[in-house]
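Trainee: Listed here are the chains, written in short residue letters.
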Amino acid sequence: MTIRRVGKGCGEKELFLTKAVLIIFWFTATFFSASTPIVLAQSSEASSCVTCHSDIWEEVKESIHGRQNISCHNCHGGDPTAKDKESAKGPNTGYIGIPDKKKIAETCGACHANVEVMNFYGVPTDQLARYKTSTHGKKLFLEANTKVAVCSDCHGYHDVLAITDPNSSVYPLNVPKTCNHCHGSEALMKPYGLPTDIFETYKKSVHGIALFEKKDISAATCVSCHGSHGAVPPGVKEISSACGKCHVNEKKYFLESMHAKPMAAGRFSECISCHGNHGVERASNDLYRTTCIKCHEKGSSEEKAGETIWQVFHQSGEKLKAAESSVKQASIEGIFVEEETGSLEEAKTNVIVMAPLQHSLSVERITELAAKFSEVADKITTQIHQKREALKWRKTALIPIWVFILAMAAALWVKYKRLKTERKKNQPNKTNREGEK
Amino acid sequence: MKHRLKQWFAERFDLEQLKGPVQKQLHKPLPKNISWAHTLGSMSLFLFVSQVLTGILLLIYYRPTVNEAFESVKFIMTKSYMGWLYRQIHAWGANLMLIVVFLHMLRTFITGSYKKPRELTWVFGVFLFLLTLVFGFTGYLLPWNQLAYWATTVGTEVAGAIPVLGEWIKTFLRGGFNVGGETLSRFFVVHVIILPWVLFFIVLIHLVLVRIQGIATMDPVGSEKETKPGEGTPFFPNHVLKEGVVFFILLGILITLSILTPFDLGEKADPLTTPLAIKPEWYFLPMYQVIKYFPKLVGIFVVGIGPLFLLAWPLLDKSSNRHPLHRPISMTIGILALLSLLILGTMGYFSESKRHFFGKEYDIDIYGIPHLVSSNANRRPSLFEAEKNKAPAVP
Chain R
1 MTIRRVGKGC
11 GEKELFLTKA
21 VLIIFWFTAT
31 FFSASTPIVL
41 AQSSEASSCV
51 TCHSDIWEEV
61 KESIHGRQNI
71 SCHNCHGGDP
81 TAKDKESAKG
91 PNTGYIGIPD
101 KKKIAETCGA
111 CHANVEVMNF
121 YGVPTDQLAR
131 YKTSTHGKKL
141 FLEANTKVAV
151 CSDCHGYHDV
161 LAITDPNSSV
171 YPLNVPKTCN
181 HCHGSEALMK
191 PYGLPTDIFE
201 TYKKSVHGIA
211 LFEKKDISAA
221 TCVSCHGSHG
231 AVPPGVKEIS
241 SACGKCHVNE
251 KKYFLESMHA
261 KPMAAGRFSE
271 CISCHGNHGV
281 ERASNDLYRT
291 TCIKCHEKGS
301 SEEKAGETIW
311 QVFHQSGEKL
321 KAAESSVKQA
331 SIEGIFVEEE
341 TGSLEEAKTN
351 VIVMAPLQHS
361 LSVERITELA
371 AKFSEVADKI
381 TTQIHQKREA
391 LKWRKTALIP
401 IWVFILAMAA
411 ALWVKYKRLK
421 TERKKNQPNK
431 TNREGEK
Chain F
1001 MKHRLKQWFA
1011 ERFDLEQLKG
1021 PVQKQLHKPL
1031 PKNISWAHTL
1041 GSMSLFLFVS
1051 QVLTGILLLI
1061 YYRPTVNEAF
1071 ESVKFIMTKS
1081 YMGWLYRQIH
1091 AWGANLMLIV
1101 VFLHMLRTFI
1111 TGSYKKPREL
1121 TWVFGVFLFL
1131 LTLVFGFTGY
1141 LLPWNQLAYW
1151 ATTVGTEVAG
1161 AIPVLGEWIK
1171 TFLRGGFNVG
1181 GETLSRFFVV
1191 HVIILPWVLF
1201 FIVLIHLVLV
1211 RIQGIATMDP
1221 VGSEKETKPG
1231 EGTPFFPNHV
1241 LKEGVVFFIL
1251 LGILITLSIL
1261 TPFDLGEKAD
1271 PLTTPLAIKP
1281 EWYFLPMYQV
1291 IKYFPKLVGI
1301 FVVGIGPLFL
1311 LAWPLLDKSS
1321 NRHPLHRPIS
1331 MTIGILALLS
1341 LLILGTMGYF
1351 SESKRHFFGK
1361 EYDIDIYGIP
1371 HLVSSNANRR
1381 PSLFEAEKNK
1391 APAVP
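Protein chains in written order, with my numbering: chain R, 1 to 437; chain F, 1001 to 1395.
Bear in mind the hints are in silico, worked out from the structure with no lab data behind them. In this text the structure is predicted, and so the values were computed from the model without any measurement. Here a beta-carbon is modelled for each residue, glycine too, at the ideal position from N, C-alpha and C. Keep in mind that a hint or two might mislead.
[What the hints assert, rightly or not] Each computed EDC-like pair below joins lysine to aspartate or glutamate, with the alpha-carbon atoms no more than 16 Å apart:
| id | chain 1 | residue 1 | chain 2 | residue 2 |
| --- | --- | --- | --- | --- |
| 1 | R | 387 | R | 318 |
| 2 | F | 1079 | R | 339 |
| 3 | R | 139 | R | 116 |
| 4 | R | 420 | F | 1231 |
| 5 | R | 61 | R | 159 |
| 6 | F | 1079 | R | 153 |
| 7 | F | 1032 | F | 1016 |
| 8 | F | 1074 | R | 364 |
| 9 | F | 1296 | F | 1182 |
| 10 | R | 392 | R | 346 |
| 11 | R | 372 | R | 333 |
| 12 | R | 102 | R | 153 |
| 13 | R | 379 | R | 346 |
| 14 | F | 1268 | R | 338 |
| 15 | R | 425 | F | 1231 |
| 16 | R | 424 | F | 1071 |
| 17 | R | 147 | R | 159 |
| 18 | F | 1006 | F | 1016 |
| 19 | R | 379 | R | 338 |
| 20 | F | 1268 | F | 1016 |
| 21 | R | 348 | R | 324 |
| 22 | F | 1292 | F | 1182 |
| 23 | R | 348 | R | 303 |
| 24 | F | 1074 | R | 339 |
[As the list claims (entries may be wrong)] Which chain F residues face chain R? A few, computed with CB under 7 Å, are given here:
| id | residue |
| --- | --- |
| 25 | 1249 |
| 26 | 1253 |
| 27 | 1259 |
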C-alpha cells in the first residue's frame, strides 16, 4: 500500500524513510526470532505434567525458570503433550524422573554451559566447567561421591531464584547459611576431617558482623575467598589473591615486605598468619605484640621492629584522639575551629594511609608518615591552645579596663560633687550680692 | 601655637559673634530636678556614635552577598585585628542602645516631660525608638546565619499578613518571593545608608528641640518657671561630668558583655533546613507573643496600635500635672503597658521549651503556658501539642 503510494509520485524523502523503517523492522524481527531460546517454544501452561504435579508447578511458576517458560520436561524429560500419565512417561519420551547428582550437573549444564542459550540472558557459561575443577565437582565426577554439593544443593531446584533476589539461597546475605547446610553438619564433614564450627566463627568475625549486623553485602562471604562454582580451599599462595581482591593496598604493601619471599616459597601464609581466617577480627595494634613472637624469638630484632611499629601506632592513635577531643571541646566552648577541623581531616588521612602501609613492615616508612601526621596533630593542638589563651587574655584584660573606668568615673564624680558643694556655698552669697545691688 | 591658631581664625571669622551662642548653650542652666536619669538621652547618642564607628570598621571587611556575608563576618571575628571586639561591641551596642533608648523614653513618660510644649520632641523620640528597632531588625540579617535568615523570613512573613498591601510589602522587603540575596542587599542598604542618615537628622531635630525648649521642670503645664542663669545646674561642666560618669560605666558594661558573653555566629543560613522553634531577638519577643494569641489580622492590628498610641500619647494625655504621683491614670496605663511587655516577653522567651522550676520539669507550650511533665509519660513535644490545641473544635 505504502509502496504503491510512493510509486504514485510521493517525494524521494518519504520513499527513503519508508525503506528505512522496513529495514529496521526486518532486522529487529529476525534478530529476536534467531536469539529467542528454544525452550520458549513449549509453553509450560500447555504441559500435561501440571495436570498431576500442580503443587510443584506452583513452586516452579515463581522461579526464574518458570518465568522464562522453562517447563518440567526440560529437566525431567517426558512428553508434555501426551494426554495420559503412561504415554507422557513412556519409554521413547526421554523421561528420567528424579535425576541423580551427576545428572543434575549435566542437566543444568545443558543450558547453562550453552553459549547460544545463555547469551540471550547475558549469563556466563563456565559454571559446569568450573564446577568440574572444584573439590565438589572432582569428588562427584571422578570419585562418584554423591554426598557432595551440586547445583541444586546451593541454588535450590524447583524454586531457583536469581542471585540478585534477596530470597535466593545464594544472595550474599544467605551464602554463609547455605554453605553451612553441609559444612555445619558433623555427619557429612567427619569423613573429610573438616571443622563444622566455621559458620559460628565467621559470624563473630569482622566480615560476619558487617554482613549480618550491618547488612553490608559487599562484605566477604565464603565464596569471596573460596570461590563459588570452582570452590577450592585456597592454598598458601592464593590467600593473597583472595584477601587482596578487596584489600588491594594491604596486598600491595605486603608484597614489598620481607615476608613476601617466604610466602612465595610457600613457607608463610601471608594474611592469615597474623589475622586468622574465618574468625578474622578488626585488626588491632596488639597483633604486633601477639603474632610476631609466634615465629620470631622474643628479643630478636624482628620482634623489636614489631614493638617499634606498635609504639608508633600507639602514639599516633593517642595523638589523634587528643587532637580530636581538643577540636571538639574548643567548638563546644564557641571557639572557631574550622581551620583545625580541616587539619584534623588531613591528620586522619595520614593515619588511614598508615593502615595499609604497615603491611610493608618498613619501620622507616611508617615512622616517616607518623612524623607527618604528628606535625599536623601538634599544629592543631598548638593553634587551639593559642586561641584559648587569647580568650583568657581578653578576660584578664577586663581587670585593667575596669580599673581605668572606675578611676575615671570616680574622678569625674568627685569633681562633680566638689562643683556641687561649691555651688551650694556660692548660691547664698550670690543672692546677697544681688540684694545689695 | 594656640594663640596663633586663634589669631588665624579670628582674621577670617567673627569669633566673638560665634562664641556667644556656644557659650550660651554650654552654660545654659538646667532645672533643679535634673537627675542621673537625665543622662540617658546622651547615653543613647553615645551608643549611636559607637554603633556608627564600629559599623564603619565592620564595613571594611563585610561583604553583603549570600556567598560572602557569613564568611566575611567569620573573617572579622577570627582573622582581622581586634575584629571580634568591634563585632561584639556593635552587637552588644545595638542591644544596649535599645535598652537605653527605652529607659530614656520611660523617664520622659514618668516625669511627664512630653507634655506641652514638648509634644514634638516626644514624637520625634518615638520615631527614634522605632528606627532603633528597625536598625536591629535589618542588622540582624547581615551575618547571614541560620537564626538571622529564619527570623527575617518569619518577620517579613508577618508583614505579608497586612490586608491589601501585605503581599506587596513582603515582596518589597524581600526583593522577591523568598529571603535571599536581594533581601540581604536591601537590608544592607537600609542598615548602613538610609537608617543612619534618617536617624542622624531626627536626632538633630530632637536635640535642637531640647535645646530650644530646655529641659522640662516638674511644674504643671502652663506654670513652668524658666531657669534663670545662675540657678539650677549648669550644663557644663556639672551635668557633663555626670554624663561622663555614666558614660564610663556604660562603656565598661559594653566591653565586659562583649568579652564575657560574646554573640555566636552560629551556622551559615540554609534555606532548605528550618531550625526548630525560631524566635526573634528579645526586643521583638512581646510582639511575637501577642501575635500568637490572635488570628493573623487581629494580631497585626493589636501590635500595630502600640506605636500609634505611643506617638499620639501627648495628645491623649492632656492633663497639666507632670509629677507621676499626680497622674494616677497615666501612670497606671504606663505600669500596665510595662508589665504586659515584661510578661509577654518572658512568656515568649520560655515558650516552646522544657524548663526546670523548683526541681520540677515543665513543658512550656507555644502560648507560654507551663505544663508539668509527669514522670512516666512520654509527652509529645510542645510544638505538636500546640498544633493540637490550635485545631478548631469539631462542631
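Trainee: Which earlier hints turn out false for this structure, listed by number in ascending order?
Mentor: 1, 3, 6, 7, 8, 9, 10, 11, 16, 17, 20, 22, 23, 26
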